[in-house]
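Chains as they are written, first to last, in our numbering: chain Z, 1 to 83; chain W, 1 to 775; chain U, 1 to 251.
Everything labelled a hint here was simulated from the structure, so no lab data went into it.
Keep in mind it's a predicted model, so treat the numbers as computed, not measured.
Do not take every clue at face value.
[Unchecked claim] With a Cα cut of at most 25 Å, we get these calculated PhoX-like pairs of lysine-lysine:
id: 1; chain 1: U; residue 1: Lys-131; chain 2: Z; residue 2: Lys-65
id: 2; chain 1: Z; residue 1: Lys-41; chain 2: Z; residue 2: Lys-11
id: 3; chain 1: U; residue 1: Lys-91; chain 2: U; residue 2: Lys-101
id: 4; chain 1: Z; residue 1: Lys-41; chain 2: U; residue 2: Lys-126
id: 5; chain 1: U; residue 1: Lys-131; chain 2: W; residue 2: Lys-772
[To be verified] Label-pair distances were calculated between CB atoms; the ranges are:
id: 6; chain 1: W; residue 1: Pro-398; chain 2: Z; residue 2: Glu-44; range: 31 to 41 Å
id: 7; chain 1: W; residue 1: His-395; chain 2: Z; residue 2: Asn-77; range: 56 to 66 Å
id: 8; chain 1: W; residue 1: Gly-284; chain 2: U; residue 2: Gly-21; range: 26 to 36 Å
id: 9; chain 1: U; residue 1: Gly-183; chain 2: W; residue 2: Asp-107; range: 27 to 37 Å
id: 10; chain 1: U; residue 1: Ala-178; chain 2: Z; residue 2: Thr-46; range: 57 to 67 Å
id: 11; chain 1: U; residue 1: Tyr-76; chain 2: W; residue 2: Gly-200; range: 29 to 39 Å
id: 12; chain 1: Z; residue 1: Ile-22; chain 2: U; residue 2: Ala-178; range: 52 to 62 Å
[Unchecked claim] To spell it out: a stretch of chain W is covered by chain U in this simulated footprint if at least three of its residues, at any positions, have a beta carbon under 8 Å from a beta carbon of chain U; those stretches are:
id: 13; region: 176 to 184
id: 14; region: 465 to 478
id: 15; region: 756 to 762
Glycine included, every Cβ here is placed at the ideal spot set by N, Cα and C.
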Amino acid sequence: MPRIVVDVMPKPEILDPQGKAIVGALPRLGFTAFSQVRQGKRFELTVDGEVTEEILAQAREAAEKLLSNPVIEDVVNVEVVAD
Amino acid sequence: MSAAEQSTQQKKFNMDTVANAAVTPDTELPWAELGLKQNEFDEVVKVLGRRPTAAELAMYSVMWSEHCSYKSSKNHLRQFGDKVSEEMKKDMLVGIGENAGVTNLGDGWAVTFKIESHNSPTMIEPYQGAATGIGGIVRDIISMGARPVAVMDPLRFGAIDHPDTARVIHGAVAGIGGYGNSLGLPNIGGEMVFDSVYQGNPLVNALAVGVMRHEDIRLANASGKGNKVVLFGARTGGDGIGGASILSSESFDDTKPSKRPAVQVGDPFAEKVLIECCLELFKGSLVEGIQDLGAAGISCATSELASNGDGGMEVELTSVLLRDPTLTPGEILMSESQERMMAVVSPENIEAFEATMDKWAVEYSWLGEVTDTGRLIIKWDGEVIVDVDPRTVAHDGPLYDRPYARPEWQDALQADTFKSSEAGANLPSTGAELKAALVELMASPNMCDKSWITNQYDRYVGGNTALASPDDAGVIRVDEKTGMGVALATDANGRYTFLDPYHGAQLALAEAYRNVATSGAVPMAVSDCLNFGSPEDSDVMWQLAEAIRGLSDACLVLGVPVTGGNVSLYNQTGSTPIHPTPVVAMLGKFDDVDRRTPSGWRADADGQALYLLGTTFDELDGSEFANIRGHLGGLPPKVDLAAEKTLGAILINASRDGMIDSAHDLSEGGLGAALGEMALRFGVGARVALDDLCERDGVDAFTALFSESQARAVVAVPRSEEVRFNDMATARQFPVVRLGVVDAASNSLEVQGQFDLDLNELREAHEATLPKYFG
Amino acid sequence: MSATELPLIGDYSTPAAALSGARIGVVTFPGTLDDRDAARAIRMAGAEAVSLWHGDADLSNVDAVVIPGGFSYGDYLRAGAIARFAPMMSKIVDAANSDAKLPVLGICNGFQILTESHLLPGSMIKNDHLKFLCRDQVLRVENNTTAWSNQYAQGEEITIVLKNQDGQYVADEKTLDALEAEGRVAFSYVGWNPNGSRRNIAGITNAAGNVVGLMPHPEHAVEAGFGPDHTGTDGLGFFTSVLTHLVGGQK
Chain Z
1 MPRIVVDVMP
11 KPEILDPQGK
21 AIVGALPRLG
31 FTAFSQVRQG
41 KRFELTVDGE
51 VTEEILAQAR
61 EAAEKLLSNP
71 VIEDVVNVEV
81 VAD
Chain W
1 MSAAEQSTQQ
11 KKFNMDTVAN
21 AAVTPDTELP
31 WAELGLKQNE
41 FDEVVKVLGR
51 RPTAAELAMY
61 SVMWSEHCSY
71 KSSKNHLRQF
81 GDKVSEEMKK
91 DMLVGIGENA
101 GVTNLGDGWA
111 VTFKIESHNS
121 PTMIEPYQGA
131 ATGIGGIVRD
141 IISMGARPVA
151 VMDPLRFGAI
161 DHPDTARVIH
171 GAVAGIGGYG
181 NSLGLPNIGG
191 EMVFDSVYQG
201 NPLVNALAVG
211 VMRHEDIRLA
221 NASGKGNKVV
231 LFGARTGGDG
241 IGGASILSSE
251 SFDDTKPSKR
261 PAVQVGDPFA
271 EKVLIECCLE
281 LFKGSLVEGI
291 QDLGAAGISC
301 ATSELASNGD
311 GGMEVELTSV
321 LLRDPTLTPG
331 EILMSESQER
341 MMAVVSPENI
351 EAFEATMDKW
361 AVEYSWLGEV
371 TDTGRLIIKW
381 DGEVIVDVDP
391 RTVAHDGPLY
401 DRPYARPEWQ
411 DALQADTFKS
421 SEAGANLPST
431 GAELKAALVE
441 LMASPNMCDK
451 SWITNQYDRY
461 VGGNTALASP
471 DDAGVIRVDE
481 KTGMGVALAT
491 DANGRYTFLD
501 PYHGAQLALA
511 EAYRNVATSG
521 AVPMAVSDCL
531 NFGSPEDSDV
541 MWQLAEAIRG
551 LSDACLVLGV
561 PVTGGNVSLY
571 NQTGSTPIHP
581 TPVVAMLGKF
591 DDVDRRTPSG
601 WRADADGQAL
611 YLLGTTFDEL
621 DGSEFANIRG
631 HLGGLPPKVD
641 LAAEKTLGAI
651 LINASRDGMI
661 DSAHDLSEGG
671 LGAALGEMAL
681 RFGVGARVAL
691 DDLCERDGVD
701 AFTALFSESQ
711 ARAVVAVPRS
721 EEVRFNDMAT
731 ARQFPVVRLG
741 VVDAASNSLE
751 VQGQFDLDLN
761 ELREAHEATL
771 PKYFG
Chain U
1 MSATELPLIG
11 DYSTPAAALS
21 GARIGVVTFP
31 GTLDDRDAAR
41 AIRMAGAEAV
51 SLWHGDADLS
61 NVDAVVIPGG
71 FSYGDYLRAG
81 AIARFAPMMS
91 KIVDAANSDA
101 KLPVLGICNG
111 FQILTESHLL
121 PGSMIKNDHL
131 KFLCRDQVLR
141 VENNTTAWSN
151 QYAQGEEITI
161 VLKNQDGQYV
171 ADEKTLDALE
181 AEGRVAFSYV
191 GWNPNGSRRN
201 IAGITNAAGN
211 VVGLMPHPEH
221 AVEAGFGPDH
231 TGTDGLGFFT
241 SVLTHLVGGQ
251 K
């Protein structure tokens, strides 16, 4: 069944404490190439049947209204993934 | 055909029915892989009169595991039921054997509490292991009909500086907090011990306490033919399948293929909703019997409900709501998915039951009903896959009289006393040395400030917390009208118990008793969590047998019954067992929690007299001081239960009559640690002298400060109460010596003629340790 | 509630008429934890606590509303994100924005719900140290003219309980500047910022002063023996403030 993937990231100007913790841990494990980590969220919305434009629009609206908080987060991607 | 239907069809095709089992007696079954021994499998065949079906095998293997059946310890545990006086039974409303014991508090109130281990799951996945430990013990409390009101967690980790310890402690503490905080249960105390014996096998024990009215007490039994059986809460998934049998019956031997099961993942939000939903069910008297799902999941719930009831039970397994539709019937029966409950509901209450589920948005499914056949029948899509006498699953498991013998090394260990050892040479004697030793002790891993842990727990929620860590006991108000409440303390000393299991277990009980009495409460009941190594090791088995014998003897003397608990065996790394660690939880009662005694003096106690109750002997073996010198040998401090009882009575009466303002029991770290902790509690100094004490008891200043002699406590007495207090101690012929006074102006702990220790210096050392290692 | 019943969450209304005659609602969501504490605080202040269920859409004629702390819906999406869409919240938002200006106090998770509902600006993210933290916390009253702070002196320092995981208050610089310029920072952390909140903000108010949200918990500091340090009762002023506001206001 097809899924709509929604990716939500903290806004660039908001400190992401989890990302900060991860970036601190990386060099301790020998991964020194990464200067920044930001941790976001990925949602998978499963659709029974075909993904129409209307359903995709609903997903975009849900992403803005419920899945993210525009004060601290951006919806960076809404796309259909077929299995 | 939907995927779920297809899956059902597929499973039916491969189904091992009872009828099939009867005609295929020679089918090979993986009983050994499921943890059964040959004799145990033979017993299953004998009980059934045929080979078990795959689903029956799953049930027997998990229910006959060490974890569920107590097969190695049951013979010894009987002593807790046998050594009980009439006086001890007086307030026991529900005893050992139910989900948790219930004790009468008076005025129609009852309290239920229990402590349990979640050691192996925590080693594998610290966060979820510890979190689901809280979840499981809280469901035990709910299933008695009680509202859970607090949790506690005794923790034991490996060496503080071992790299893996940070992983385990971060995960376990966050897991306990993440789950308990989300349930709205204050965490009011516990323990924290670091010792390399727990490196490969940390101990995470969890205690929960709940309160109820007498009429709300619920038991796990299925009675009344035609009553319906319902499963509600979270859906069933592949969590911890076989966890109960495999985790607890096999040691983690690196040479064998790993059989570690999937870790259970907790959902505290689902559990919080389940608590409220169950309490609403109880309030409306909508359930006849109830059982939480923990180890062994549906296997345990159906067989215990059915065998405790008066008839049988018949359920349809395809009615179970699944998170993972590919689970086999055996897996469904063994699944340890969290946040589930099973209840028995009479037909006239079905509608009201469903309305309550809908209100709280809790999923449920009706599985079947109570019958009068005496059999537990489980069907898959109409075909019988389990047909057993439920007692044989739940109660008539194998029993082992495991061989045990005093270890050959025990004599040598006991002969190796601290003062005769190299570590015990050059003991501190000058004032400067004693001061440095006290600071070092107070900064040591086991004695340092624990707020790095306790600040990650909500201790305020509910508005009834009258005392919490670092006070001697956690205190919770039960009745807001009268102030009636309960106190709880948990204690164990693995080093003492290693040196002498019989007396070590008694010392754990004595300390828990003393802690509760020090807070001002009357000790009433015990729950214990016996953490030991492999019972197949005769040394360990001896430790277990001795500890149970010691504990049960001492309970009889102190008049406090054991109302429940848990045994956790196979706690070892390779062939090295942990120190035997019997954790004792003591429950006490307050008529009014307003009378509680905090463990330190405030500035307004300036000038109050400090007294030491009890006698100080030269007892450094197994002490924290010896521990920081790296020594473990000799004999633990002497047990004197009569003295503990008298001390307890003095502390309780003095608190009730307003004779003392603060009190702290003496235990690990001795008088030095007690005075340090009391001064740091509210940051108020004191002036004391040891001369009278040393002269009376014939000890030097070092011994006076660091000996761990039992049945002792320091109390702060207002000047106006000194005569009355002394008279009471004298009347009871209990030794008491005046040490000095609270000195609000000084900001230091002054031991006259020895040293003057600045409280800022002491606090800095005391508080720096955990943040230094764990951030 | 009869004398022999346990106080069940969602059912703790006092039958007897309270001293002031004021009725203050306490909203319970699935996962709410501090509703009984909030109800007790309201009763101790002298008002009647009225249980409001998230799924209902009737404010039951309450004179003010407290949205208590907890982990509504497990905080699984974002703290307060799902609770915001409850029928009861729509009623509360309308009443708070109406001419009657219903007083609303959001505590901890309640504060998070108020920001998600856009009754208050900004949002809360995970504490900068990433741990849950429970401690006795000193706050300064920065605005004593709100419905929920008028019984305090301007600049008064009070000690109440702080306990949260996602307590770091954030907003863009413009919003923060405006909050400070308009006196809408109601409470700030003193001595130590426990979670990395911008400009030490512990609590804020809307422009009208009827809607206040803060992370720390005044309802855990209302009864001697059970609050900060077992002695503190500094939080009671929140609840007496709203009674004073109601008496001096439209009543």
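Practice problem: Hint says 56 to 66 Å; check whether the CB-CB distance for His-395 of chain W and Asn-77 of chain Z agrees. | Solution: holds (57 Å)
Okay, Pro-398 of chain W versus Glu-44 of chain Z on CB: inside 31 to 41 Å? With Cβ atoms ~47 Å apart, the hint is violated.
Quiz item: How does the coverage statement for the region 465 to 478 of chain W fare against chain U, requiring three or more residues with Cβ below 8 Å from a Cβ of that chain?
Solution: holds (count 4)
- Item | CB-CB spacing for Gly-21 of chain U and Gly-284 of chain W relative to the 26 to 36 Å hint | For Gly-21 of chain U against Gly-284 of chain W, whose Cβ atoms are near 32 Å apart, the range 26 to 36 Å holds.
Outcome, coverage of the region 756 to 762 of chain W by chain U - at least 3 residues whose beta-carbon is closer than 8 Å to one in that chain = violated (count 0)
Just to be sure I understand the hint, the distance between the Cβ atoms of Ala-178 of chain U and Thr-46 of chain Z should be within 57 to 67 Å; is that true here? Hint violated: Cβ distance 42 Å, outside 57 to 67 Å.
Taking the Cβ atom of Tyr-76 of chain U and the Cβ atom of Gly-200 of chain W, is their distance within the range 29 to 39 Å? holds (34 Å)
Has the region 176 to 184 of chain W got at least three residues whose CB is nearer than 8 Å to a CB belonging to chain U? Contact hint for the region 176 to 184 of chain W vs chain U: holds, 6 residues under 8 Å.
Between Lys-131 of chain U and Lys-772 of chain W, is the straight-line Cα distance small enough, at 25 Å or below?
-> holds (16 Å)
#### Entry: Given hint Lys-11 of chain Z paired with Lys-41 of chain Z - CA-CA distance at most 25 Å
The given pair, whose Cα atoms are some 12 Å apart, holds under the 25 Å limit.
**Asked** Lying within 27 to 37 Å: is that true of the beta-carbon distance Gly-183 of chain U to Asp-107 of chain W?
**Response** Distance hint for Gly-183 of chain U, Asp-107 of chain W is violated at roughly 51 Å.
task = Starting from Lys-91 of chain U, check that the Cα of Lys-101 of chain U is at most 25 Å away, please.
result = Roughly 12 Å separates the two Cα atoms, so the pair holds.
Going down the numbered hints, you'll see the structure goes against 1, 6, 9, 10, 12 and 15, while the others check out.
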